[in-house]
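S.K.: Produce the entire structure from the sequences given, and follow the hints as far as they go.
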Amino acid sequence: MNFKIPFMKYRKIAAIASLILFAVSILSIAFRGLSLGLDFSGGTLVELTFKETIPLESLRVDLSANNYEDFQVVNFGSDTDVLIKIADVEGNSSIGDEVFDLVQSNYPETELKRIEFVGPQIGSELRDQGGFGMLVALGMILLYVAFRFQYKFAVGAVVALAHDVVIILGLFSIFTWDFDLTVLAALLAVIGYSLNDTIVVSDRIRENFRSQRGINPDEVVDLSINQMLSRTLITSLTTLLVLFALFILGGELIKGFSLALIIGVLIGTYSSIYVVANMLLMFGINQEDMAIPDPDEGPLDDMP
Amino acid sequence: MVLLIGILYSLPNLYPAKPSIQATYANSALAADQNLYDRIENILDSAEIDDFNIALIDNNIAVNFNSLDDQLKGKSLLERAFLDEVIIALNLQPSTPEWLKNIGGSPLRLGLDLSGGVHFLLEVDIENAVANRLESALNEFRKKFREDRVRYVKSVNTGSAIIFNFDSNDDYGNAINIINKDNLAPSGIIYDLALDPINNEIGISFSREAIKDIRDYAVGQNLMTLRNRVNELGVSEPIVQRQGSDRIVVQLPGVQDTTAAKKIIGKTANLEFRMEATPTTSRLRKETFEFKASEFTTAELERTVVVSGDSVTNASTGFDENGFPQVNITLDMQGGRSLQKATTGNIGRRLGVLFVEQKTRSEIVKNDSGEEIIEQTQYVEKKIISLATVQAVLGTSFRITGVGNTQEASELALLLRAGALAAPMKFVEERTVGPSLGKENIQLGVRSIIIGLVAVVLFMLFYYRWFGFAANLALISNLILITGFMSLIGATLTLPGIAGIVLTVGMAVDANVLIFSRIREELGTGTSPQEAIKEGFSKAFTTIFDANITTLIAAIVLYAIGTGPVKGFAITLSIGILTSMFTAILGTRAVVNLMYGQRNLKELKV
Chain A
1 MNFKIPFMKY
11 RKIAAIASLI
21 LFAVSILSIA
31 FRGLSLGLDF
41 SGGTLVELTF
51 KETIPLESLR
61 VDLSANNYED
71 FQVVNFGSDT
81 DVLIKIADVE
91 GNSSIGDEVF
101 DLVQSNYPET
111 ELKRIEFVGP
121 QIGSELRDQG
131 GFGMLVALGM
141 ILLYVAFRFQ
151 YKFAVGAVVA
161 LAHDVVIILG
171 LFSIFTWDFD
181 LTVLAALLAV
191 IGYSLNDTIV
201 VSDRIRENFR
211 SQRGINPDEV
221 VDLSINQMLS
231 RTLITSLTTL
241 LVLFALFILG
251 GELIKGFSLA
261 LIIGVLIGTY
271 SSIYVVANML
281 LMFGINQEDM
291 AIPDPDEGPL
301 DDMP
Chain B
1 MVLLIGILYS
11 LPNLYPAKPS
21 IQATYANSAL
31 AADQNLYDRI
41 ENILDSAEID
51 DFNIALIDNN
61 IAVNFNSLDD
71 QLKGKSLLER
81 AFLDEVIIAL
91 NLQPSTPEWL
101 KNIGGSPLRL
111 GLDLSGGVHF
121 LLEVDIENAV
131 ANRLESALNE
141 FRKKFREDRV
151 RYVKSVNTGS
161 AIIFNFDSND
171 DYGNAINIIN
181 KDNLAPSGII
191 YDLALDPINN
201 EIGISFSREA
211 IKDIRDYAVG
221 QNLMTLRNRV
231 NELGVSEPIV
241 QRQGSDRIVV
251 QLPGVQDTTA
261 AKKIIGKTAN
271 LEFRMEATPT
281 TSRLRKETFE
291 FKASEFTTAE
301 LERTVVVSGD
311 SVTNASTGFD
321 ENGFPQVNIT
331 LDMQGGRSLQ
341 KATTGNIGRR
351 LGVLFVEQKT
361 RSEIVKNDSG
371 EEIIEQTQYV
381 EKKIISLATV
391 QAVLGTSFRI
401 TGVGNTQEAS
411 ELALLLRAGA
421 LAAPMKFVEE
431 RTVGPSLGKE
441 NIQLGVRSII
451 IGLVAVVLFM
461 LFYYRWFGFA
471 ANLALISNLI
481 LITGFMSLIG
491 ATLTLPGIAG
501 IVLTVGMAVD
511 ANVLIFSRIR
521 EELGTGTSPQ
531 EAIKEGFSKA
541 FTTIFDANIT
551 TLIAAIVLYA
561 IGTGPVKGFA
571 ITLSIGILTS
581 MFTAILGTRA
591 VVNLMYGQRN
601 LKELKV
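Going down the list, the sequences are from chains A and B. Counting from 1, one number per residue, gives the positions in the first sequence under this note's numbering. Counting from 1, one number per residue, gives the positions in the second sequence under this note's numbering.
By construction, these hints were calculated from the structure, which means they are not laboratory data. Built from N, CA and C at the ideal position, the CB exists for glycine as well. Take the hints with a grain of salt, since some may be wrong.
[As the list claims (entries may be wrong)] When the alpha-carbon atoms are kept at most 27 Å apart in a straight line, the in silico DSSO-like pairs for lysine-lysine are as follows: (1) B:K262 - A:K85; (2) B:K75 - B:K439; (3) A:K4 - B:K341; (4) B:K286 - B:K341; (5) B:K539 - A:K152; (6) B:K144 - B:K101; (7) B:K212 - A:K255; (8) A:K255 - A:K51; (9) B:K262 - B:K426; (10) B:K426 - A:K85; (11) A:K51 - B:K212; (12) B:K212 - B:K143; (13) B:K439 - A:K85; (14) B:K439 - B:K426.
[As the list claims (entries may be wrong)] Looking from chain A toward chain B, a few residues come up when the C-beta cut is under 10 Å (computed): (15) Y144; (16) L188; (17) G192; (18) L241.
M.R.: Here is the structure:
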């Protein structure tokens with residue numbers, strides 16, 4: 001397939017769209033915050049399977065009667081599966097067992113699926129570690145891309161990644177989806193994935209700047225994106241295929257994970273087309289930036 | 001070649017795990033022996049169990065069965081025969097053939113989210129341990145100052161430092177000399193001093209090295225105690241490991257009753273120090289106990305517990321002035337105070353130490369419908385491990401002499417340590433996964449891998465035809481390599497790990513897509529088919545390499561910050577990236593060469 005879509009004609013519109021999305025996400029994260037999952041918030045979670053559908057309200061009454069405050073009772077995946085979440089500031093690790101005993105005394109045939117307890121200090125540690133890890137990953141990628149390409153590409157790539165991550169976080173905040181460790185893992189995988197796309201496009205832009213003489217940067221970027229478009233679409237498509245398999249079949253525990261990745265792949269595909277290219281053109285990238293310092297292009301390029 | 005190795009090491013995963021039973025003596029001091037082996041064999045032989053396989057491995061006996069029914073039957077038979085003498089644990093034993101085992105092959109280990117079980121994270125309270133050590137140091141220095149006639153006016157323990165105030169400059173100077181004399185350990189100085197010559201005040205706190213030593217000792221000691229307790233639970237393949245500087249991870253696959261597990265793991269004290277009863281002690285206030293070493297000797301102890309095991313911070317062996325073995329015991333400040341109070345005015349009486357164990361007694365009883373069932377009752381067993389005469393008023397550190405030979409002394413020290421925790425611990429994280437959820441997760445995971453794989457394979461075939469076929473072969477060998485490699489390095493498979501594999505399946509074709517679109521472009525510029533294939537592979541390489549390295553960076557960061565399941569994801573993702581680069585480039589090339597290499601092509605469809 002040969003595409004000839006004048007992407008760069010619409011780059012201003014794309015830039016504005018990106019900025020709006022980015023701003024909305026930042027605002028939502030700042031004011032609404034993220035609905036932190038158990039891993040980060042700390043507390044206790046009990047998942048139970050009942051023999052038959054039972055009214056959640058009666059469970060809530062039971063819990064209130066036993067002096068539990070600040071809890072949530074929701075169905076999880078099916079009518080008979082119930083998830084009870086109890087916020088806990090004290091770090092009392094036996095709440096889960098107590099709640100299970102309580103429910104079992106009223107519904108003896110209840111089956112325990114899982115209990116999770118995360119102490120408050122672990123929650124805050126995981127939060128810090130997660131944020132720190134994200135920054136380290138971005139920093140290392142910046143260095144690698146700067147080393148292999150050129151700083152303009154590196155800044156472009158990192159801006160694109162930050163764009164993707166912030167927008168996914170924004171969506172999780174707007175829709176109050178649970179943000180837990182698996183979603184964080186998905187975010188880092190998105191960083192890897194989106195970067196993959198970005199590098200492939202950047203690589204082609206660099207090559208075309210070197211081989212195509214006498215056309216302006218806008219055209220070079222357009223040509224490169226079009227050349228890579230079928231590849232970008234196919235890879236996104238195969239990745240989305242498996243992600244949808246995971247989202248639909250993988251069970252409740254990794255719904256958030258696959259959701260974050262699906263959004264990430266969609267946004268990553270968009271950002272590798274528009275955000276990076278936009279940044280490069282904004283920086284006024286030109287032929288000189290692509291000058292080859294050494295005819296051999298360094299040792300890595302010579303590997304088979 | 002690499003693919004063959006991959007297949008070889010992923011083979012063990014195809015052999016189903018066999019139901020088995022693990023038998024160990026309840027008394028952890030006894031290792032399983034030929035005697036137990038013969039007895040188990042006899043019991044099982046006389047039952048109607050078709051085929052079983054019995055082996056003596058390390059300290060336990062493993063019996064493999066052909067069916068779950070046989071396993072359960074065997075378990076109940078053995079339980080009836082041995083009652084409390086032997087712990088019988090149900091287990092799944094990998095049925096990896098001998099030749100595969102010999103080259104290091106073993107099936108993937110499943111994470112708790114797939115196998116079901118309990119995960120605990122405990123935190124050791126280091127501050128408490130440090131404060132206790134400071135209290136011991138405070139008492140030591142007070143004693144030394146008194147002995148050397150150094151007069152202090154005030155001494156306090158703030159929890160992070162001890163502070164001495166002196167009246168005169170001389171005392172202040174002498175005190176510094178005394179402190180410095182003892183201020184050296186193998187790892188460096190022990191105390192950091194904050195000197196205030198104007199007010200004649202000395203602040204003593206532990207140096208960083210000393211705190212590190214205390215932490216290592218406390219965590220190491222608690223780790224050992226936890227291992228002993230976990231062994232009491234009779235779980236197969238438990239994990240008890242240090243995590244980070246002051247945390248301990250306990251993983252018990254297959255255990256469902258968390259409350260019971262927590263009770264045993266979390267119990268603090270299993271030592272009791274009590275004074276021996278005098279003939280005049282009223283009968284209501286004394287109890288009779290057996291000695292642990294011999295059931296037939298007993299002694300009467302008072303009912304009042306002077307000090308319990310959670311006050312014992314250390315117990316070690318040493319030698320007394322005459323060269324006889326002794327056991328040195330260190331208590332925390334609270335324990336020291338209680339012991340001081342109890343021994344004041346009681347010099348010449350004897351102090352007993354009781355070792356407390358949670359035990360289960362099983363009995364065969366008839367239930368209402370007349371069936372014989374095993375009834376289990378929990379009880380606490382207390383036995384005397386030491387009874388020694390008090391020769392002075394005791395405090396935070398004291399010694400027990402006359403403990404027999406060196407071996408007996410070290411056994412007593414070991415028992416004391418096993419009954420104590422060097423520092424208190426608390427549960428900071430707990431995850432329990434029921435067996436049904438574990439099985440469900442495996443099913444869901446495997447199903448999404450298969451559906452995802454089929455979707456991608458069909459798409460590639462449809463879009464790229466023969467080249468797609470080559471890419472699909474690479475994809476499948478990639479899956480085999482991931483499994484093989486993970487089995488080889490003994491990585492644990494978790495649910496997010498499965499997600500990582502699924503993701504790899506989606507992303508792995510990327511390299512091939514890049515190569516194929518390159519080949520198309522080369523063909524478009526009029527290059528000959530063979531040349532286009534060659535160029536396509538070599539030109540796409542740099543791009544693939546750069547793109548994958550950056551993803552690998554993200555995966556490695558993820559591994560570094562992640563815990564448990566997320567680490568599992570990072571592992572499969574990293575391995576997937578490496579193997580997919582390998583199969584997509586070399587593997588596909590080999591297949592493409594096989595298909596097109598010999599022919600002189602006029603036309604090439606990509």
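S.K.: Would you list, in rising numerical order, the hints stated earlier that this structure does not obey?
M.R.: Numbers 3, 6, 7, 11, 14, in rising order.
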